[in-house]
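If you follow the hints, you should be able to join the two separate chains into one complex; please do so.
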Amino acid sequence: MSFSASGLVLASLVYLLLLFGVAWITEQGMLPKQWVRHPLVYTLSLGVYAGIWAVYAAIGMAAETGYGFLAYYLGISGAFLLAPVLLNPIMRIARAYQLTSLADLFAYRYRSQWAGTLVTLCSGAAILALLSMQIQAVAVSASILAPDTSPKAMSLLFCLIVLLFAILFGARRNQNSENHQGLVLAIAFDSLVKVGALLTLGAVILFQVFDGMEGLDLWLAMNKAASGTMTLAIDDGSWRALMLMSFAGALVLPHMYHMTFSENPSPKSLAKASWGLPLYLLLLALPVPVILWGGQALDVGTDPNFYALGVAQALDSPLLSLLMYIAGLSAASGLMIVSTLALAGMVLNHVVLPVKTPRDQADIYRWLQWVKRLLIAVIIFFALLFHETVGQELDLAILGAISLSGMLQLLPGALGVIYWPEGNRRGLIAGLVTGLVIWLATLVLPFSHTINPLAWFNVPLVPDYSNWHIFTFISITANVTVFGLFSILSASSAEETSAAQACSMGALSRPQRRELLASSSTEFIRQLADPLGYGVARREVERALAQLKLPNIEYRPYQLRRLRDQVEINLSGLLGPSVARDMVHRHLGFKPLARGNTGQDIRYVERALGDYQNRLTGLAGELDNLRRHYRQTLQNLPIPACSVGEDGEILMWNHAMEELTGITADDVVGARLMALPEHWHLLLEDFNRGEELHRYKHRLDLRGKPHWLNLHKAALSGPDHTEGGSIILVEDQTETRLLEDELMHSERLASVGRLAAGVAHEIGNPVTGISSLAQNLKLETDNPDILDTADQIQQQTRRISAILQSLMNFARTGNHAHANRYEPVSIHRCVEESVNLLSLSDKGMGIRYLNEVPEDLLVLGDEQRLVQVFVNLLANARDASPEGGTIRVSGNSDSYSAIIEVIDEGSGIPEDQLDHIFEPFYTTKAPNKGTGLGLSLVYSIVEEHYGNIQVESPANTETGTGTCVRLRLPAYRPEADDTSASQNERS
Amino acid sequence: MYIYRLVFLLVLAIYIFSPNILDWWTAPGNVWYSPYVIWAGLIAIGFWLEWRRDPNEF
Numbered sequence: 001m002s003f004s005a006s007g008l009v010l011a012s013l014v015y016l017l018l019l020f021g022v023a024w025i026t027e028q029g030m031l032p033k034q035w036v037r038h039p040l041v042y043t044l045s046l047g048v049y050a051g052i053w054a055v056y057a058a059i060g061m062a063a064e065t066g067y068g069f070l071a072y073y074l075g076i077s078g079a080f081l082l083a084p085v086l087l088n089p090i091m092r093i094a095r096a097y098q099l100t101s102l103a104d105l106f107a108y109r110y111r112s113q114w115a116g117t118l119v120t121l122c123s124g125a126a127i128l129a130l131l132s133m134q135i136q137a138v139a140v141s142a143s144i145l146a147p148d149t150s151p152k153a154m155s156l157l158f159c160l161i162v163l164l165f166a167i168l169f170g171a172r173r174n175q176n177s178e179n180h181q182g183l184v185l186a187i188a189f190d191s192l193v194k195v196g197a198l199l200t201l202g203a204v205i206l207f208q209v210f211d212g213m214e215g216l217d218l219w220l221a222m223n224k225a226a227s228g229t230m231t232l233a234i235d236d237g238s239w240r241a242l243m244l245m246s247f248a249g250a251l252v253l254p255h256m257y258h259m260t261f262s263e264n265p266s267p268k269s270l271a272k273a274s275w276g277l278p279l280y281l282l283l284l285a286l287p288v289p290v291i292l293w294g295g296q297a298l299d300v301g302t303d304p305n306f307y308a309l310g311v312a313q314a315l316d317s318p319l320l321s322l323l324m325y326i327a328g329l330s331a332a333s334g335l336m337i338v339s340t341l342a343l344a345g346m347v348l349n350h351v352v353l354p355v356k357t358p359r360d361q362a363d364i365y366r367w368l369q370w371v372k373r374l375l376i377a378v379i380i381f382f383a384l385l386f387h388e389t390v391g392q393e394l395d396l397a398i399l400g401a402i403s404l405s406g407m408l409q410l411l412p413g414a415l416g417v418i419y420w421p422e423g424n425r426r427g428l429i430a431g432l433v434t435g436l437v438i439w440l441a442t443l444v445l446p447f448s449h450t451i452n453p454l455a456w457f458n459v460p461l462v463p464d465y466s467n468w469h470i471f472t473f474i475s476i477t478a479n480v481t482v483f484g485l486f487s488i489l490s491a492s493s494a495e496e497t498s499a500a501q502a503c504s505m506g507a508l509s510r511p512q513r514r515e516l517l518a519s520s521s522t523e524f525i526r527q528l529a530d531p532l533g534y535g536v537a538r539r540e541v542e543r544a545l546a547q548l549k550l551p552n553i554e555y556r557p558y559q560l561r562r563l564r565d566q567v568e569i570n571l572s573g574l575l576g577p578s579v580a581r582d583m584v585h586r587h588l589g590f591k592p593l594a595r596g597n598t599g600q601d602i603r604y605v606e607r608a609l610g611d612y613q614n615r616l617t618g619l620a621g622e623l624d625n626l627r628r629h630y631r632q633t634l635q636n637l638p639i640p641a642c643s644v645g646e647d648g649e650i651l652m653w654n655h656a657m658e659e660l661t662g663i664t665a666d667d668v669v670g671a672r673l674m675a676l677p678e679h680w681h682l683l684l685e686d687f688n689r690g691e692e693l694h695r696y697k698h699r700l701d702l703r704g705k706p707h708w709l710n711l712h713k714a715a716l717s718g719p720d721h722t723e724g725g726s727i728i729l730v731e732d733q734t735e736t737r738l739l740e741d742e743l744m745h746s747e748r749l750a751s752v753g754r755l756a757a758g759v760a761h762e763i764g765n766p767v768t769g770i771s772s773l774a775q776n777l778k779l780e781t782d783n784p785d786i787l788d789t790a791d792q793i794q795q796q797t798r799r800i801s802a803i804l805q806s807l808m809n810f811a812r813t814g815n816h817a818h819a820n821r822y823e824p825v826s827i828h829r830c831v832e833e834s835v836n837l838l839s840l841s842d843k844g845m846g847i848r849y850l851n852e853v854p855e856d857l858l859v860l861g862d863e864q865r866l867v868q869v870f871v872n873l874l875a876n877a878r879d880a881s882p883e884g885g886t887i888r889v890s891g892n893s894d895s896y897s898a899i900i901e902v903i904d905e906g907s908g909i910p911e912d913q914l915d916h917i918f919e920p921f922y923t924t925k926a927p928n929k930g931t932g933l934g935l936s937l938v939y940s941i942v943e944e945h946y947g948n949i950q951v952e953s954p955a956n957t958e959t960g961t962g963t964c965v966r967l968r969l970p971a972y973r974p975e976a977d978d979t980s981a982s983q984n985e986r987s
Numbered sequence: 001m002y003i004y005r006l007v008f009l010l011v012l013a014i015y016i017f018s019p020n021i022l023d024w025w026t027a028p029g030n031v032w033y034s035p036y037v038i039w040a041g042l043i044a045i046g047f048w049l050e051w052r053r054d055p056n057e058f
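These protein sequence lines are chains A and B, in that order. Taking the UniProt record's numbering, the leading residue of the first sequence gets 1, the next gets one more, and so forth. Taking the UniProt record's numbering, the leading residue of the second sequence gets 1, the next gets one more, and so forth.
If we strip away everything but chain B, and leave its shape as in the complex, we get (with noise of 0.2 Å):
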């Protein structure tokens, strides 16, 4: 259980910080599409994540 305490941490702190987060992304130096570089950066991520994988794991 404990690696997922660490998932429930870390995901409420990305949602209190998100709105934070969002101005970063779309600070006015910015181009209008930069939210979605970033978005899609964790896309990314998320299939390499996926991708390697073991099948077996939780």
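One chain only, chain A, in its complex shape (with noise of 0.2 Å):
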């Protein structure tokens, strides 16, 4: 049974658009998103690893080796079982870093464009290799089905559509996404066509050809040589090279690095695919022997390598033939598709961009993309000419091996990425450029029979098919040892240094804080427009400066390095970190140093920190609280602080500062004193600079107030810290000072009190003495007159005397001790006293003032406090009111208190202030006019006496004005309070 040549190439080509049609669809979001991003997807596109391998190569190692073919399997299922620890570091770096190939991972390590450059001719070199494997297998294939069909013809042909494939969907830049999710899906689908037609095929077998296991079981016990290769026949030596290069693919395969890293949509899909991918490689290696049993079952005629086609053509089955075919097709197509796709990309980056940056093109993203399809085209073109010289003369199995040896060289670097530090850059380059030399003389030109160098040197060992894996350890070993004894031999960069801790397991990348040369985010544009034109250099701003969620201009120095690491990440996206980072260097510089050093960046470092949270555990985790426990204590702390690096950078700034200032944490931590808004720039600034440690009571007016502060420093250098920088602390003593300053005025008022006291006290004798003598003229005279003058006399002395009295109760100051020591008081005499006090001032001698409190109501309380109480209650009333006014003073009693009302005919108090009236210094009146204290100083005595007090205003609704103070005090019933005594004596 054959097939045409045009019905062959007509299925191909049928096949591959309906693979152009599944990217396609994919592209123009016509499937939803969640599929297209499904970890299975992501987990299926990875089956790109088994290449053709899986439908054919893999047969043809079982007829030769038995089980020794799952080592192909085995040990990528290995390293992928191990992921947590071997690939979601690199994909952590990979996407923090945006390196898109292990040729960029390279570059930014080992920071050198040569270990990027190595890289990619090391992988370009072996995967030459595995590409003409890829179309040899088409071509072979075809070639079995439809003997008329040219090899070279359909070789060609089949490179021409996987260029078409790579051109269309692979070089596509999307800003928007870095994923080709097209490419993504169409490959998982080659792998479910793959997967599916190799299960299919080997259940065909097992139930066509042996019906069913018994059948297989009992086939297997009469032909004892077939099952015994499955088992004898593993080499130990083989075994062992192909589990490290299939361990090592994981990492190093170009395609696998795109896939795994490049194209995964989230760490929650590389989780999956760690068991996800051993589990598709188990469904691809399951049905191998069966179908291996049934070619020699039927006996079939074709190479080991394509029995599953010699199978389905002996089961004269046209349809099962052509699915095998189309398995192959699609395996080939999709290796080759990402293979080439990601090797582009490496050339790009680190042969092309070194050697040529673009500078003078006006759109930097479509001279990119064409430099890379053109690179796709040069590859692929090497491919069939490597295929046509060399490839098509070797064995599938054994261009696997050259292939995956090569690419071996590249393990000892990638995993010194994460797990070792010192490594360096020209142990890196000795160690890869000796195992590349041992693997080009004793494997690939020995077998390539261009020439045998170890012919030379008379060695005994010639490589051949079963002695490959010897040369395959020996350039391992020599690559690992010239790596480990170079790097600890030589000494690494700090750069180098720095870039192998950020790489390093766990580690954090510790930033100096520097300055750059550029001020502003509109400056850095200015200064890349050089390289990569205007129009570029402001588009990958704007989008580091979208990306970081910064201001569309910005010039905080933190934010600005934050700033200059976004850029060159995204550049290195777009160019490859080698030539990214020489651009960023070369154009975004730091200014010199002025001294040695300069201190760590803090913040750098702890938002690092914080965007670790939850995956720090035990003690680091421990420590990391105690951190958290500090720093919260600093931000809470009431009294306003912030520390100043040496150069002026604010490095933190609490919550008091915040509210004191007006001015958010995040507006000035990492801006310089001088970003601050003028008089805390000139205050702060003058003050860190200063010698002094102290100032105390600095004027400061803030939002029209004047506020007094007290500011000290401290100097952050330490043992245990010896950069430089101090703390601040400013304590607001704008209410001390406005305290201090009623303090004095009290002082001086009652300095005056005692005066008037001794003064009336003085008078008092002479007053005395005036009514004694009238009393004395009253008894020596008849005269009606003089009697008349003389009682009038007497009461005038009398009035002089109770103002005197009402003057020297008032100026002896309230006796605190004896504050619980109330006595009944009337209130009736207090309102008296008080208006006497008030009519010896000047001021309101119109007013009325009406005491119609009942001489009989009573409270228990001190009567000077009482007295003050109304002093200031009736001074507050003549104050408000106007000329001629009345005030009233009323009082009444209900069950248990005294109800006394003070009512003015005033302009009343507006509502709004009417909750602020018995707040210290809160007045209403003019400065100087007023201390804002009397009334809280009423709201204070009132309290004592267990009262309370109320204002209400207007107090006349209908003409809107007056207000009225009502005081509710206890009220004393000496009767009630007799039967009470009477009543506790009993008891």
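You may find that some hints are simply not true.
Across the chosen pairs, the derived CB separations fall in these ranges [stated by the list, open to error]:
| hint | chain 1 | residue 1 | chain 2 | residue 2 | range |
| --- | --- | --- | --- | --- | --- |
| 1 | A | 28 | B | 29 | 52 to 62 Å |
| 2 | A | 381 | B | 16 | 39 to 49 Å |
| 3 | B | 16 | A | 211 | 37 to 47 Å |
To give a feel for the contact side, a few chain A residues facing chain B, derived at Cβ under 7 Å [said to hold, decoys possible]:
| hint | residue |
| --- | --- |
| 4 | 67 |
| 5 | 81 |
| 6 | 85 |
| 7 | 236 |
| 8 | 239 |
| 9 | 243 |
| 10 | 271 |
| 11 | 274 |
| 12 | 275 |
| 13 | 278 |
Just so you know, these hints were derived from the structure itself, not from any lab. Virtual Cβ for every residue (Gly too), placed ideally from N, Cα, C.
Here you go:
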């Protein structure tokens, strides 16, 4: 049974068109996003690893080495099962720094363009054999099914279609998404076809050829030789070599790196793939022995490599034959497309761009896209050339082995990225060159039948199909040894050490706090416009600003350093890490260091630690908790505090400081002191630079009000912290200052009072004398006029005495020690005395005071303090009253309380001020007319008397004027008290 | 890093003894698919470890 060449070509075209369709509808967004980004799709797309091996070469190898073929699957399965310690760290670095290929990773970690270029050349050389293997498999499978097809024409056609696909769906750069989703889905579809076809063929053989499991067991029992090949032919050396190469494949194969890391939709997908890919490979490997035995049972004439086709033909099933052919085609095309794409990216970043940076391009993105397309074409051309000259002569298995042992040379460097921070670029390059030279001399050249360098040295061992693994081990051992020795013996640059720390497990990069030449993001654009052109520079800087959620124009040094890093990361995704780093170093440079060392970027480190958050466990987690605790302590300190680096950069700005200054920490942390508003900048800058450690009562006008601040400063340096900088505490002393002023004022008043009391006492004596003389006068005359005059004199002297008594009572300062010794007090008398005192003042002479308090209204209290209450209330009422106004004081009592109302006819108190009038220092009077303490004193005295106070304004709702102050004090009833006292006595 | 060194040692040991392990898997008395059964067992363990893993863990 055979096909016609045109039929086969047509079938190939139809299938590849289907693949185009899948990619196209995905790119058009016709499929739901959750399908496209589903972990299953990602896992299936990783099936690209198997390539043609899965469909053809595995069966060929099983025929020779029995279960030895499993090594190709078990190695990479092991690598994926170890994903948390092997692949996750690489993915973290690759995502953080946009490293799209292994060459990018090496160039970033080892800080060397040469490392990147060498990786690219190594991958390029090694992958040619792998590509040749795919082309060969497609061409041979076509010629098996349709003997009249020309393998050359088939190879060419296959390469052209792959080229077209790679250019259309792989080389497109979507600014919004770095992933090529169409490509991923198409490759996943390929994998599905592959596994579906193999399982179908396995099932058909099992049930048609062997009649089920029992039949197979019976056949195996009867054909000991067939089952024996599956167990006995495992060669330890080649098994180990294949295992190692397959394990390394997860990291170093360009197509695997591309699919695993660059096209990864989320870390969760990789976690699922860690068991998903081994499961997929298990399904691929499962039918292999059955197909082999089927081929043996049916005595198929084809090479065991192509038993899948041979058995299908022997079963006389055109559909099955076509299916197997399509499976091979899909496996080959998937691997070809992804590896050429990945390799083209590497060549672009590490061979083309370092030589020619597109300086004068109007649209750099377009230029890059076209160069990448050209490179894809060149790579496929070379693969075809290699296939035609060397590849087609070689067995599929040995092609794979040569390719993988070349790629294996990259494993030491790749593991060094995460596990060996001491490894350096000299070691890497030396090791890689050594390994590659041995690989070329012992595997590539002898097998390609060009020259055999081993023969020059009369080496007894000649490389052949049975001992290739020895040379693989020699090359990798030499590579590792040279890498280790050179790394230990040579010194790493500071830059390389920092990159190594950034890459190694659990380490944080500790950037230095240095000042950039550019002082704003606009200057970034200007400086980057030189290499990139203005449009691209602006777009890249704006993109980075948006990613970091920064404002359109940024000037804070800390944020500018972050911006610089982000721009470098983005450019790295675009141009590769070496070119990006070079560009950023050259055009976004730092200012030269003034002296030795600058401080670490504390904020940067803190932010990075914050990102780790829950990932820190054990001791690190506890330390992080401590760090958070102390940070919170500083942040919540009720005293405004900030810390400043040696260069004047603000490192910390706590909540109290935010409250005092009205400036949020986000706005100033990472900025210079000079970025603060002028009054703060002048104060803090001056204090920070000055010699003094304390500054007291510095006056600063904030929001139109004077504030008095105490400043304290301490140096941050100490035995545990050698860096400079200082911490500044700012105490707000405004309230204390106002209280001090008030205290001085009260003190002055008190001394005036004491003086007045003294004066009153002195006046009292002569007044008593005058009163006695008037009394005497009355006894010595009967003249009614004189008697009348003497009466009047006595009246007036009594009045003088009353006034003096009141004055003396008021001046006597309240004795708080006796505050609880309350006596019954007549409110009427208190009001009377207050009116007397107020009448001494020359203010408000036209005001009429009406004391309507019943004389029997008594409360239990301190008379002097209650007089003070009424003096304050009446003085306020007097100040508010118009000329000729009346102030009425009335009193009544309910069952328990005496209620006293002071009502004036003044302008009233606006509603919004009513809530504040009892607050200390709150006054509505003109400056120097009131202290704002009167009503708060009233409030506290009333509270001391277990009473309360209410203010109603307006008192007269008709005219809308007047204020009524209502006091409620516990009433005193003599008879009730006697009763209760006697009851107490009885009890 | 301690745990990673342990993992490294374990991987190395498994790698060195892998041919013997496979010999054991494919011992003549076993059914032909026994390597696959053991492989599937390993995948199941991998699945279980991934399933109960704290997403914030390294």
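Results for each hint:
{"no.": "1", "hint": "A:28 to B:29: 52 to 62 Å", "verdict": "56 Å, holds"}
{"no.": "2", "hint": "A:381 to B:16: 39 to 49 Å", "verdict": "42 Å, holds"}
{"no.": "3", "hint": "B:16 to A:211: 37 to 47 Å", "verdict": "42 Å, holds"}
{"no.": "4", "hint": "67", "verdict": "5 Å, holds"}
{"no.": "5", "hint": "81", "verdict": "5 Å, holds"}
{"no.": "6", "hint": "85", "verdict": "5 Å, holds"}
{"no.": "7", "hint": "236", "verdict": "4 Å, holds"}
{"no.": "8", "hint": "239", "verdict": "5 Å, holds"}
{"no.": "9", "hint": "243", "verdict": "6 Å, holds"}
{"no.": "10", "hint": "271", "verdict": "5 Å, holds"}
{"no.": "11", "hint": "274", "verdict": "6 Å, holds"}
{"no.": "12", "hint": "275", "verdict": "4 Å, holds"}
{"no.": "13", "hint": "278", "verdict": "5 Å, holds"}
Figure legend: structure checked against the earlier numbered hints; every hint is met.
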